[in-house]
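Asks: Residues -19 to -1, 1 to 1030 in mature numbering (1 follows the signal peptide of the UniProt record, and there is no 0) are what the sequence shown lists, from first letter to last.
Bear in mind the hints are in silico, worked out from the structure with no lab data behind them. Ideal placement from N, C-alpha and C gives every residue a C-beta, glycine not left out. Mixed in with the good hints, there may be bad ones.
As the list claims (entries may be wrong) - Cross-link-like lysine-lysine pairs, in silico, DSSO-like; alpha carbons within 27 Å at most:
| hint | residue 1 | residue 2 |
| --- | --- | --- |
| 1 | 456 | 306 |
| 2 | 473 | 514 |
| 3 | 454 | 473 |
| 4 | 473 | 581 |
| 5 | 180 | 93 |
| 6 | 58 | 639 |
| 7 | 639 | 793 |
| 8 | 473 | 429 |
| 9 | 548 | 441 |
| 10 | 376 | 456 |
| 11 | 944 | 639 |
| 12 | 306 | 54 |
| 13 | 93 | 213 |
| 14 | 548 | 514 |
| 15 | 213 | 306 |
| 16 | 429 | 548 |
| 17 | 306 | 180 |
| 18 | 793 | 838 |
| 19 | 429 | 93 |
| 20 | 180 | 213 |
| 21 | 454 | 54 |
| 22 | 441 | 429 |
| 23 | 224 | 180 |
| 24 | 441 | 376 |
| 25 | 93 | 54 |
| 26 | 306 | 454 |
| 27 | 306 | 376 |
| 28 | 456 | 58 |
To be verified - What follows is a list of derived Cβ distance ranges for each label pair:
| hint | residue 1 | residue 2 | range |
| --- | --- | --- | --- |
| 29 | 33 | 353 | 35 to 41 Å |
| 30 | 481 | 553 | 46 to 52 Å |
| 31 | 94 | 35 | 15 to 21 Å |
| 32 | 510 | 284 | 38 to 44 Å |
| 33 | 868 | 790 | 53 to 59 Å |
| 34 | 790 | 765 | 18 to 24 Å |
| 35 | 145 | 280 | 46 to 52 Å |
| 36 | 570 | 591 | 22 to 28 Å |
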Amino acid sequence: MMLATQLLVLAALLTPCLCDSRFISYEDLMSTAHSFSDPGVTTYSQLLFDVARDQLVLGARDTLYRLDLRTLKFNEKALWLAPVKKFQLCQDKGQTERDCHNYIKVLLSNGKRLFTCGTNAFSPMCSWREMEGISRVTEWVTGVGKSPYSPHSNITALMTLDGQYYAGSPMDFSGTDSAITKDLGQPPIFLRTNQYNSKWLNEPQFVGSFETDEFVYFLFRESAVEYINCGKIIYSRIARVCKNDGGGGQMMLRDNWTTFVKARLNCSIPGEYPFYFDEIQGMTYLPSEGIVYATFTTPRNSIPGSAICSFNLTAIQSAFNGPFKHQATMGSAWERQVSPHARHTQCRQSAPHQLLDSSRYQLMDSAVQPMTQSPLYTSQLETVTHIAVDVLPTKLHRAVHVLYIATLEGLVKKISVLSRTQETCVLEIWKPFPVDVFSPIYSLQYLKETDSIYLGTEEKLLRIPAQHCERHKTKQACINAMDPYCGWNEHKERCMPAPNNEPLSSVWYQDATQCPILTHPISGGWSAWSIYKPCTHATSEESTDECQCSTRECNNPPPMHGGEDCKGVSVRVTNCTVHGAWSSWSAWSACSQTCGVAVKTRRRTCGNPAPAFGGRVCVGQDRHEMYCHSNPPCPAAATPVRDGGWSSWGNWGECSAKCGGGYRVRTRRCDNPPPQSPNGLDCQGCPFEYEHCNLASCIDSKRLSSWTPWIGSGNGTEKRFRFACRAPSPDPALIKINLAKEEERICQAEGVCMRTDRSDSEEIYSDWSSWSPCSVECGGGQQSRTRTCEGRPEDCQALLRMSRACNTHNCKGEWSCWTDWSECSVSCGIGYKQRTRHCMAVNNHNAEGTGCEGPSKSQEPCEMPTCRSLLGWETWSEWSPCDNSGQQHRSRECLASNPGPDICQGQHRESRLCLENSEDNEIRALESKSREGISVAAVFGLCLITFVLGLGVTLILGYFWWKKQRPSIPGSPHYISSKQNPYVTVPLKEMHSPKRTPSFSAKQPTLTNGTPKLFAKQPVDYETATIKRNSHSMANGHIRADLEQDKFF
């Protein structure tokens, strides 16, 4: 029960959407299909076609049937119940009541008689019966070796053309001893594979079998014995035995096959790591072409996936002619082995060395390779089980293979194999069960004589026609379906199979050379009418009519991609009519306005019930109106007070810091429009807006102080010092001061001094200035910085100016103005007109069309006079000049002397206002007034005033420029710029005297109290203090400007 529920949920998830035109619902299938079921009987699993007698033999639980081959009409029923004692004994052995019935597992015929086997309550039994009277049993035969004990066991059975019976089936009650057998008809009863030898068969699950002239082949899946040392894995196999194999006789391999060999079937997606579909689920064989089609799945404990592969007899024979895979001992590895003797698989007379090879070699080293490099068909989240194949000619090919596959989810797919590319195309997806009903599919077979698919399920047997050409309503839909069964008949003008089975007929069109085209317009088709069901329609509040209703839907196929909807009614009703009746009046609505003249309404509808199926409509009004008498008069309209509106934001101001993160501000004004006085509201929001800027980290800037006075250090030596202030970041805590330079000189007694060191080359240069603003805001510009040389001119050889690229990102483009609208694309009826604009980008290296957002073309519909209104008229005349009334006129003449109702429709004369001329007149009037109002004296005075103002502005700007170029002289040797950081940490120095005196003389070689002492100890030992140079706070919304200079003492 749990498994059935899970399969129902999975089937619901995997059921194709009804919007797929290839999907055919259960109701639509049953409109052309036939079904057979018998109350109380289940498991319709075994089918046998008797075409010569036009009958079908059906095997179900406890029952055999003879049915008509086409209509599935009941002909004969034969009960075959398990004996009561065996039924009770089966349950005593622990089996369920359901499993202890007699399940038919084998249905075969030798042409004259029917051979059938059943589980018979876990006591398998077989019987021979008459083909024309299946109730008449001619012989009872034991079923051991011919049929499994359990109804859940898989079996494959085959009766060859010469009447030999072969089977692959479990041989015991527990199902652990599986074998491939041949019925010998005399002691020993059968020939079989070696018992309990996993190298021969290892827990096999048989799928199918077929015969050729010399061999009988069996397909199954089993646990791979060559992989057993690495874990358990299932492989698909094909095994072969010779028809003339008589066993080992009285020697070794007594009662066992001497020609048994098996090989792996390879169905995988190629690649560096191939993906294998290892578990075979179903197969079918085409004797005329020697091709085996088989379905494969992934393991049950993995994500569901399925594939279809095809194998020919040449590939199968090649694998069986190759070397063997052999394991010498139980612990050794499987190795490739070539037998030195004549092969024991060639269906020749057995020799002693061949018997030895038969017991030693069963598994082939090479796998059977499929006909195509990749599987013909693969699917995910789907488990494919059974498969059937039809071969038919088409308009362009002699033989096209069509596959029918059943899935574990209860669907049947119809798939074509393209002859040239071997590509598969899903043509149709069938839903053979009602919605929310799940039933396993036990058997799927195709019969050419009826061109139908036969499905054996748990509850019934179905015969479904292979073609559903009538679903395609138009020629285009018929051709685009690419169904090998269907084409367009020009004589009958409908989609149908080839007339008289002649696809080369000149009146039959078909193009089944590719997969279906699913994007073409598909006209909708009605589904089959549902059965009539009771339905009720109320005719009044006291009485109702009981009716019979049948419905259909427009989903076979549904209209898609602009196809036409179904035409006709979707509901059929008999034995009832519905007369319309009014609903109750609704409540009065609110008045249409709150003052002055207004109305209120109430409504009712004719829907209690609505008239239907020939019923009378409601008589009377559905709307009442009433004046609102209580409304006060409306006050005079007052002019609304104008509130203020913001102007556009201004440009951003300068950043408060050149590095390390600062702020900049922009403003806007409340003057767009200004608030009306009085009562006008001011603009909502802030007139200022701030944003961060210059977030890049500051470089390690350095500033040198002036040299200190010379200080005597003994032995005629004097020293002086110079200090540097470094600011690696704008954080005041990180600013440090250190000794930058120390000089020393030797002074003689005569007062002559000589320096003992020499300045470094970089010390003669000032620090680099900050980078200048970029020359452009986008598109790529330049910025520079400079420094000055403070040494001798001959030492100043390094670079004093440095440049770099900036703002290299593309500029955001702006659209040009729209062009005028073009003329309408048609002269009559409905057309369209369009206008264009182009993208103008600045500083993008003249690359036009970059950086703009939005379309460059705009289009809108335009409506011209209807084409019918132009019929019979000559073309319009030119517009006449403007008359005294300011209008222009044009006319046209009718070409027909006696026009009919559809000719010369409309007016023969049109008029319009002279808008363009009136505008021109106004412009000319304004220009003339302007010329008359301006005199020569006024023009001369204006020019003189402009010259004087320009001269004054030039002088002021020149003065400021001259003042800026003057060199600034620091007032202190410790003067530094404040552009680097807002805080500077400086040492605290001692001053003993406010005067500077010579620090060395011949009479005073040591320091005196009058000597300015800079340090009493090393600079690094001094305490430091922090002074504030600048502030970048945003108090009250204002940014404090940078100070030009600061000093530390």
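Asks: Work down the list of hints and note, for each, if the structure agrees.
Replies: These are the hints, each one checked on the structure:
1. 456 - 306: It is violated: about 58 Å lies between the C-alpha atoms, which goes past 27 Å.
2. 473 - 514: 36 Å, violated
3. 454 - 473: 12 Å, holds
4. 473 - 581: 63 Å, violated
5. 180 - 93: 39 Å, violated
6. 58 - 639: Given pair residue 58, residue 639 is violated - Cα atoms ~103 Å apart, limit 27 Å.
7. 639 - 793: At roughly 25 Å apart (the allowed maximum being 27 Å), residue 793 and residue 639 satisfy the hint.
8. 473 - 429: 25 Å, holds
9. 548 - 441: Given pair residue 548, residue 441 is violated - Cα atoms ~35 Å apart, limit 27 Å.
10. 376 - 456: 16 Å, holds
11. 944 - 639: 24 Å, holds
12. 306 - 54: Roughly 53 Å between the alpha carbons, so the hint for residue 306 and residue 54 is violated.
13. 93 - 213: Given pair residue 93, residue 213 is violated - Cα atoms ~46 Å apart, limit 27 Å.
14. 548 - 514: Holds: residue 548 and residue 514 sit about 23 Å apart, inside 27 Å.
15. 213 - 306: Holds. Residue 213 to residue 306 sits at ~18 Å (cutoff 27 Å).
16. 429 - 548: Roughly 36 Å separates the two Cα atoms, so the pair is violated.
17. 306 - 180: Cα-Cα ~11 Å, so holds.
18. 793 - 838: Satisfied, since the Cα-Cα distance of roughly 19 Å is no more than 27 Å.
19. 429 - 93: 22 Å, holds
20. 180 - 213: Holds. Residue 180 to residue 213 sits at ~14 Å (cutoff 27 Å).
21. 454 - 54: Violated: residue 454 and residue 54 sit about 32 Å apart, past 27 Å.
22. 441 - 429: 21 Å, holds
23. 224 - 180: OK: residue 224 and residue 180 at ~22 Å, within 27 Å.
24. 441 - 376: Distance of about 37 Å is beyond 27 Å: violated.
25. 93 - 54: It holds: about 22 Å lies between the C-alpha atoms, which stays within 27 Å.
26. 306 - 454: Violated. Residue 306 to residue 454 sits at ~58 Å, over the 27 Å cutoff.
27. 306 - 376: 48 Å, violated
28. 456 - 58: Violated. Residue 456 to residue 58 sits at ~46 Å, over the 27 Å cutoff.
29. 33 - 353: 35 to 41 Å: Holds: the Cβ-Cβ distance is about 37 Å, inside 35 to 41 Å.
30. 481 - 553: 46 to 52 Å: 37 Å, violated
31. 94 - 35: 15 to 21 Å: 18 Å, holds
32. 510 - 284: 38 to 44 Å: 41 Å Cβ-Cβ, so the 38 to 44 Å window holds.
33. 868 - 790: 53 to 59 Å: 58 Å, holds
34. 790 - 765: 18 to 24 Å: Taking Cβ atoms as reference, residue 790 and residue 765 lie about 20 Å apart, which means the hint holds.
35. 145 - 280: 46 to 52 Å: 35 Å, violated
36. 570 - 591: 22 to 28 Å: With Cβ atoms ~23 Å apart, the hint holds.
Checked against the numbered hints listed earlier, the structure breaks hints 1, 2, 4, 5, 6, 9, 12, 13, 16, 21, 24, 26, 27, 28, 30 and 35; every other hint is satisfied.
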